[in-house]
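> Whole structure, please, built from the sequences with the hints as guidance.
Below, each chain spelled out in residue letters.
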Amino acid sequence: AQKVTQAQTEISVVEKEDVTLDCVYETRDTTYYLFWYKQPPSGELVFLIRRNSFDEQNEISGRYSWNFQKSTSSFNFTITASQVVDSAVYFCALSGNAGGTSYGKLTFGQGTILTVHP
Amino acid sequence: EAQVTQNPRYLITVTGKKLTVTCSQNMNHEYMSWYRQDPGLGLRQIYYSMNVEVTDKGDVPEGYKVSRKEKRNFPLILESPSPNQTSLYFCASSPNGLRGGYTFGSGTRLTVV
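Sequence order for the protein chains is X and G. Going by this note's numbering, the first sequence opens with residue 1, and the numbers climb by one from there. Going by this note's numbering, the second sequence opens with residue 1, and the numbers climb by one from there.
Simulated from the structure, these hints should not be mistaken for lab results. If a hint is listed, it holds; no wrong ones were tucked in.
Cross-link-like lysine to any residue pairs, in silico, SDA-like; alpha carbons within 25 Å at most:
| no. | chain 1 | residue 1 | chain 2 | residue 2 |
| --- | --- | --- | --- | --- |
| 1 | X | K38 | G | M27 |
| 2 | X | K3 | G | G63 |
| 3 | G | K65 | G | V21 |
| 4 | X | K3 | G | D59 |
| 5 | G | K57 | X | T31 |
| 6 | X | K3 | G | G58 |
| 7 | X | K3 | G | P61 |
| 8 | G | K57 | X | E44 |
| 9 | G | K65 | X | Q2 |
| 10 | G | K69 | G | Q45 |
| 11 | G | K57 | G | N7 |
| 12 | X | K3 | X | T27 |
| 13 | X | K3 | G | E62 |
| 14 | X | K38 | G | P95 |
| 15 | X | K38 | G | Q85 |
| 16 | X | K38 | X | E17 |
One-sided and incomplete, this derived list gives chain G residues near chain X with beta-carbon spacing under 7 Å:
| no. | residue |
| --- | --- |
| 17 | G40 |
| 18 | G42 |
| 19 | L43 |
| 20 | F104 |
| 21 | S106 |
| 22 | G107 |
Note that the structure is predicted; figures quoted are calculated from it, not measured. For glycine and all other residues, C-beta sits at the position ideal for the given N, C-alpha and C.
Below you can see the structure in the form of structure tokens.
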């Protein structure tokens, strides 16, 4: 079975601070995909990034960066110079081929509530 | 516009009164799935469907039914809702569910009293 753990339930920072959201995953699949989603107060799920298991290159997109380390089964997300608009719930998720099927299953972590204070 | 449409957005109902939450996608995706979101538990999969007439249980299927008679529609049925089914529900679709490309609906906030 696959599992995603986000150990930080809530994080509170002041604007312009950097913040890292941790994500640790478990899977037996050799091919899998990792995702981060943002859920703002309005409730919808906003896709941020997808990473496949064969690509350990870190990625940067503006103030967002992601660090994927297969050796520690982690896929951490860092927001640089946080802003109030970054306040949201952030979910890490894993999609594997669930025992050899051609269809995957998306498993979510528990979510981290990020609050950025002015 | 490519989208997943869920209805209704909000619903308050009473225990035992059957209800259906509709989900429709316009992307010709084969894979569709229902999730419920509860505080501290993240999103948990209720049911999924790999194609028309092909459905299977997710992690928390008790108390729910689904059907996939057409590729675009994947309704979630609560035959006898109970208060523990009060939750935020999301429908999602994807070309095949593995590589992502998931599109989520806007969510349905259900309250069962």
